[in-house]
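Chemist: The chain contents come next:
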Amino acid sequence: MKAEQEILVSHQVLQVPFNYSAGPVAGKFLAALRDEKKILGIKCPKCGIVYVPPRGNCGKCLSSLKDWVELSGRGKIQSFTRINYQEPTHPAHPEQFILAVIKLEGADTGLTHLVGEVLEDELEVGTLLEPVFRDYRKGEILDIRYFRPVRK
Amino acid sequence: MTEQTKPEIGLLEISSPANFPYNYSCGRVGSFFFKALRDEKKFYGRKCPQCGKVYIPPRPVCGPCFAPTNEWVEVGPQGVLECFTVVSFSFLDPMTGKKRPVPYGYGLIKLDRADSRIQHFLSVNEASQLRVGMRMEAVFNEVREGKLSDIKWFKPVE
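Residue numbers (my numbering), protein chains in the order written: chain D, 1 to 152; chain B, 1 to 158.
Errors might be hidden in some of the hints.
[Said to hold, decoys possible] Calculated cross-link-like contacts (lysine-lysine; reagent style BS3-like; alpha-carbon spacing at most 30 Å):
no.: 1; chain 1: B; residue 1: Lys41; chain 2: B; residue 2: Lys155
no.: 2; chain 1: B; residue 1: Lys53; chain 2: B; residue 2: Lys99
no.: 3; chain 1: D; residue 1: Lys152; chain 2: D; residue 2: Lys37
no.: 4; chain 1: D; residue 1: Lys43; chain 2: D; residue 2: Lys60
no.: 5; chain 1: B; residue 1: Lys98; chain 2: D; residue 2: Lys138
no.: 6; chain 1: D; residue 1: Lys138; chain 2: B; residue 2: Lys99
Please keep in mind that the hints were generated in silico from the structure rather than gathered at the bench. For clarity, every value in this text was computed on a predicted model and none was experimentally measured.
Can you build the whole structure from these sequences, using the hints too?
Modeler: Structure, rendered in structure tokens:
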């Protein structure tokens, strides 16, 4: 018998692949990313709040939402951070993994997404960003590869 | 903005890979058991000093008595098939990360001198060829790593 002190470690991978139907509201938003490279918001007829990503009912007044708004895609950083550790589920490598909450022009809610083509210390709250779309898009939020600072 | 929705929008699916790799320590009792599989191709059970039950897989504490188990007892290598099934539904095996090839036989085997049962794959995947009470023995893999999958499966004793 080998060294009694040896403690073994069990390595396992729990996998729960699942699919769910996006539904008519998220579906339209994702299809617009995929087919038109456009970011759509949805507006509440009662309180005027424009939601992005869009939702079926207003969070404030519960009105049914169906008034779509095409947004420019540009927006300002409300907050940001860099994630500097690695997990298999992360969408980016630690050196380039900057997440921001972005207030898109024409929208009232913040959109969380990646920020690329820039170093963390060049960013600040209020930095103006624009989306960069992938060439091959599937109808998912990462059809937007990341947002990058608008450079004059 | 057009009111018409394209037909494929309603069918758009969001898919999530959702992989959760995890590691956990087998502990001293578990490590002893797995090392014996890996290095000696032997099964060891753990005995309760109070009720005398031999647990396999081994437990550091006896469930009914709450007494710490204190003795290793070699069990097997053969045992009795106490229950079995043939599985036709494949799922992602957390030990391998791959789908289990179906159909496969799976059963509970009470190894000689043990009081609890070990569950594992069976070499037979036809229910008509399996019978409660059959004597079984473990077939070990050539390459063993100190895991339950060091046992390839249990096969009927000829």
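Chemist: It remains to establish, for every hint, whether it holds in the given structure.
Modeler: Hint check results:
Distance check on the hinted pair: B/Lys41 and B/Lys155 sit about 15 Å apart at the alpha-carbon level, within 30 Å; holds. A hinted pair counts as satisfied when its Cα atoms are at most 30 Å apart, and B/Lys53 with B/Lys99 does not qualify at roughly 36 Å. Between D/Lys152 and D/Lys37, the direct Cα distance comes to roughly 22 Å. Compliance with the 30 Å bound is thereby established for this hinted pair. Simply put, D/Lys43 and D/Lys60 have alpha-carbon atoms about 12 Å apart, close enough for the 30 Å limit, and the pair holds.
The hinted pair formed by B/Lys98 and D/Lys138 meets the criterion: a straight-line CA distance of about 25 Å does not exceed 30 Å. Simply put, D/Lys138 and B/Lys99 have alpha-carbon atoms about 26 Å apart, close enough for the 30 Å limit, and the pair holds.
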